[in-house]
Amino acid sequence: MNQRPRFIRAQRMTIVNAMLALVVLIVILQLWLLTATMNAYLGGDRAVALPSAIASFVCFGLNLGLLRYLFRLDESI
Amino acid sequence: MNERGTQSQRLTENQSIPPDARPLALQPRWRRDFPIDWEQDEYVSRRELVKFMVLTSAAFAVGQAWLAAKSLLVRRAATPRPLPIATVNELPVGGAKTFFYPEGSTPRLLIRTGPSAFVAYDQQCTHLLCPVVPAIEKNCLHCPCHNGWFDLQTGRPVAGPPQRALAKILLDVERDTVYATGVTEGT
Chain A
935 MNQRPRFIRA QRMTIVNAML ALVVLIVILQ LWLLTATMNA YLGGDRAVAL
985 PSAIASFVCF GLNLGLLRYL FRLDESI
Chain B
11 MNERGTQSQR LTENQSIPPD ARPLALQPRW RRDFPIDWEQ DEYVSRRELV
61 KFMVLTSAAF AVGQAWLAAK SLLVRRAATP RPLPIATVNE LPVGGAKTFF
111 YPEGSTPRLL IRTGPSAFVA YDQQCTHLLC PVVPAIEKNC LHCPCHNGWF
161 DLQTGRPVAG PPQRALAKIL LDVERDTVYA TGVTEGT
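Quick note, the sequences are listed as chains A and B, same order.
When the letters of the first sequence are read in order and numbered with the numbering used here, they come out as residues 935 to 1011.
When the letters of the second sequence are read in order and numbered with the numbering used here, they come out as residues 11 to 197.
Note that these hints are calculated values from the structure, not bench results.
None of the values given here were measured: they were computed from a predicted structure.
Take every hint as true, because none was put in to throw you off.
Computed far set for chain B versus chain A, every beta-carbon distance over 12 Å:
id : residue
1  : Asp30
2  : Pro125
3  : Asp186
4  : Thr191
In silico lysine to aspartate or glutamate, DMTMM-like type, Cα no more than 25 Å apart, as pairs:
id : chain 1 : residue 1 : chain 2 : residue 2
5  : B       : Lys107    : B       : Glu195
6  : B       : Lys61     : A       : Asp1008
7  : B       : Lys178    : A       : Asp979
8  : B       : Lys80     : A       : Asp979
9  : B       : Lys107    : B       : Asp182
We put the CB at the ideal spot given by N, CA and C, even for glycine.
Isolated chain A (complex conformation) (with noise of 0.2 Å):
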């Protein structure tokens, strides 16, 4: 007997919609951050470059669990 998948596909359309718009938000976010970032060390103002970086990074993460999510997604089918 073959097992139900756990979404219908208009379910997973919508889960993988609203995945695009979190990545898509936090992506911007960094853009933000990066260009902040670079205008203050080219200003000479070096200490904002660490914790930009570790925030990016915590964004990055995020993403990859999104993403991680979205593979386990994709094996329910």
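Add chain B to chain A, keeping to what the hints say.
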């Protein structure tokens, strides 16, 4: 619900319905030959876009790491050794002299502002790198290229297009000699 009912529900849930909702057998020939599953197509394209955006996110994180590593390396770089750049009697009050500190740097400008007062700045304007010239009577440094003005005592921009201060050279006067001892980047 029995097994047959479940299977038929799965078929409806996972199948694209043609725009006019008629069965596939009643659809035009081209649609029967190329039954593109639009919903699945959209799902795959969004999934691939998510993957690409995560890759972009990784690129941004790497860029930030590069900036952080560079700033840490600059902090650890050794402070240049003090360098004698002029004697006190060499410059009259209001006089100026260019020098390089540390060696191989961009030109720096030493200005005698009083009998025992000296200031030194990077000579390149922070706007478009034109050389600045002292305007002692106005207590300023002037960039003639785009009419930029910097305060002579602090190096901060006071008028014109420059937004950042000139890099300041730290000085030390010992006996009759003026030494450059460090550089403070303008912010």
